[in-house]
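Colleague: Here's the letter readout for the chains.
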Amino acid sequence: MNAFEGTLSKESGGRRWLVPALLALLVFGALPALLAGFDRGYFYQIANLALIFVLLSASMHLVTGVAGLLHLGHAAFYGVGAYTAALLTSKLGLGFTVTLPLSGVVAALLAFLVALPTMRLVSIYFAVATLAIGQMLYLVMLNWVDFTKGPNGIIVTKGFELFGVALSGRLASYYTVAVVVVLCVVAIGRLSHSYYGNALRSIREDDQCADAMGVRTVRLKMEVFTLSAFFAGVAGALWAHMTGYISPGDFKFSESILILAMVVVGGLGSLPGAIIGALLLILLPEGLRALGDFRNVMVGLVMFLSILLLPKGLLGEVSALRLVRRQLGGAWRSTGKGEGIGWR
Amino acid sequence: MIDPYYLQQLAIGLSLGMTYALMAIGFTLIFGVLNVVNFAHGEIYTLGAFAGLVLISAVAPPIVAVIFGALAVGALAGFSLERLAFKPFRRFTDEASLKSRAMRESTLLSSLAVSIVVREALEILFGSEMRSLPFDYLINTPVRIGPVILVTGDFIIFGVAAAMLIGLQYLLTRTRIGLAIRAVSNNPLGAKYVGIDTDRTIITTFVVGSMMGAAAGILMGLYYGAIFPAMGFVPGIKAFVAMVMGGLSSIPGAVVCALILGVAESMATTFVSSGWSDMVAYAFLILTLIFFPNGLFGARRERV
Numbered sequence: 001m002n003a004f005e006g007t008l009s010k011e012s013g014g015r016r017w018l019v020p021a022l023l024a025l026l027v028f029g030a031l032p033a034l035l036a037g038f039d040r041g042y043f044y045q046i047a048n049l050a051l052i053f054v055l056l057s058a059s060m061h062l063v064t065g066v067a068g069l070l071h072l073g074h075a076a077f078y079g080v081g082a083y084t085a086a087l088l089t090s091k092l093g094l095g096f097t098v099t100l101p102l103s104g105v106v107a108a109l110l111a112f113l114v115a116l117p118t119m120r121l122v123s124i125y126f127a128v129a130t131l132a133i134g135q136m137l138y139l140v141m142l143n144w145v146d147f148t149k150g151p152n153g154i155i156v157t158k159g160f161e162l163f164g165v166a167l168s169g170r171l172a173s174y175y176t177v178a179v180v181v182v183l184c185v186v187a188i189g190r191l192s193h194s195y196y197g198n199a200l201r202s203i204r205e206d207d208q209c210a211d212a213m214g215v216r217t218v219r220l221k222m223e224v225f226t227l228s229a230f231f232a233g234v235a236g237a238l239w240a241h242m243t244g245y246i247s248p249g250d251f252k253f254s255e256s257i258l259i260l261a262m263v264v265v266g267g268l269g270s271l272p273g274a275i276i277g278a279l280l281l282i283l284l285p286e287g288l289r290a291l292g293d294f295r296n297v298m299v300g301l302v303m304f305l306s307i308l309l310l311p312k313g314l315l316g317e318v319s320a321l322r323l324v325r326r327q328l329g330g331a332w333r334s335t336g337k338g339e340g341i342g343w344r
Numbered sequence: 001m002i003d004p005y006y007l008q009q010l011a012i013g014l015s016l017g018m019t020y021a022l023m024a025i026g027f028t029l030i031f032g033v034l035n036v037v038n039f040a041h042g043e044i045y046t047l048g049a050f051a052g053l054v055l056i057s058a059v060a061p062p063i064v065a066v067i068f069g070a071l072a073v074g075a076l077a078g079f080s081l082e083r084l085a086f087k088p089f090r091r092f093t094d095e096a097s098l099k100s101r102a103m104r105e106s107t108l109l110s111s112l113a114v115s116i117v118v119r120e121a122l123e124i125l126f127g128s129e130m131r132s133l134p135f136d137y138l139i140n141t142p143v144r145i146g147p148v149i150l151v152t153g154d155f156i157i158f159g160v161a162a163a164m165l166i167g168l169q170y171l172l173t174r175t176r177i178g179l180a181i182r183a184v185s186n187n188p189l190g191a192k193y194v195g196i197d198t199d200r201t202i203i204t205t206f207v208v209g210s211m212m213g214a215a216a217g218i219l220m221g222l223y224y225g226a227i228f229p230a231m232g233f234v235p236g237i238k239a240f241v242a243m244v245m246g247g248l249s250s251i252p253g254a255v256v257c258a259l260i261l262g263v264a265e266s267m268a269t270t271f272v273s274s275g276w277s278d279m280v281a282y283a284f285l286i287l288t289l290i291f292f293p294n295g296l297f298g299a300r301r302e303r304v
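Heads up: the sequence lines are chains G and P, in that order.
The first sequence maps to residues 1 to 344 in the numbering used here.
The second sequence maps to residues 1 to 304 in the numbering used here.
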């Protein structure tokens, strides 16, 4: 870094490390300190839940926000990840270190198989197909009683661990979830703000035009669909090991809609927006616990009002891109005006 | 000679298909005109059923009055739905924004949001568990025809669905307002240029479609004897499947496909447990989308 020389202070380069450092400090320092200060299991649960949904929302952002594929079955892949983790633990006795990547891989593999026939479909037809696939996976979880124990759900006996070292305790489990989620979100951020992300954006804007310009649209769509399922699967493994109990009800259509609502409220195509949306829609209902039954109505209302009044979302794509480029632009290739167009 | 068991399953399947058809008609009407999917149609259906419940428990009128009450609620719900979730996104009327994907997807999401709000509000008002309707009103007295047992509701539903279909065909092809609806469906901008009040036409479409949805809801409530706030979801998806299979804008096509779907599901329960029968609908949907992207009866579309 030549920020020490002071010559770059006017340019964006000087502050590149500041915002990531502050964010890391918040997630790994201030928040756990607060949680430890209150020391209530409930707060840890909420923090972990919020982090898992941040990952889900970020993975949805990749497929729906950046690539413009309206995905109505995302929760099913989250469920596939959770069930993979739970079954590997209960049937084979594997630990978190193995189940975490495997859950992602299984979800991604399934998504790849699903993507093979459905990727030719566009807009609403694709949305309907993903809805059907999500529902099919949900039905499998619900009805294949011999394998998934059906509506009774599965008890996951093992918590978090790293190569056999148990990470028990509330703070350790918070750190595990936080590290995995942050790593995944950084990966998604690099993907969606790179040349790769720009190619995906071109598909969203006009796939026929992008195709004519030499962007391999179908292949890119399949890649992004598979990738987002991978991250959803990872989130599922986190959820399974965190709660210790999963049932099909956690992965039904309304969860897909909740994740979609997070991305929409935050702003389609904006990763910081997706994160804010996830935090808002998880923390707001918890904060409104006093309202009791009205919590779910609030989710619907927030979604409706944000579509109506903030069609670009809380943090729209353009401002989000600018923000990311200014504050986090690690390896931008400058075009001479200080604004790059993406990571290679 | 066919095994009576299969005849019975066929009869059950046809009556199941009729119930999907009831819902699919309204769904398809709205899609055909606006080219947007109305995710709140399932909630209109639920609202119709609950309106019937409230009417029955409050004043206990004759059954025809109950249905008219449900129709009125459906009309009102359709009107408010259009004003709330669809009108605000028709701010621009130029060709580009009429065809734009952003507009279509924002109405899809807004109708989804409205449907969440309505369903949750109903859960707060009525509780999420099943509510049973009074026994006197139910339409499931058994009727025996040869080896097959049906209930009176099957005939009523068949009659209503047929009446709806014929009435709708009459409305669409023989009346001025039907002409306007078809014009808007064909080309909204062109319809505007020749002096059709597109806004009013769209509202009319919503009101008619939602009345049919509400009627379907109360009939289903009386048929099964139990209603609950989430009851619209599964029939909504089935109606959706029927609509896609039928080719999205063809109402008779949707009805035929709803029947196919119903029969396929009831036949499937012969071989697998009933929990899996929903799988048939989704499999049909995926297969249709992949192999018959224009639907079985639909007109050719540019891109699917």
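Don't read these hints as lab results, they were simulated from the structure.
Note that CB positions come from ideal geometry on N, CA and C, so glycine has one too.
One or more hints might be untrue.
[What the hints assert, rightly or not] Covered by chain G, per the in silico footprint, the following chain P stretches (three or more residues, Cβ under 8 Å):
#, stretch
1, 50–59
2, 144–150
3, 237–246
4, 289–297
Colleague: What are the numbers of the hints that this structure violates, sorted from low to high?
Modeller: 1, 2
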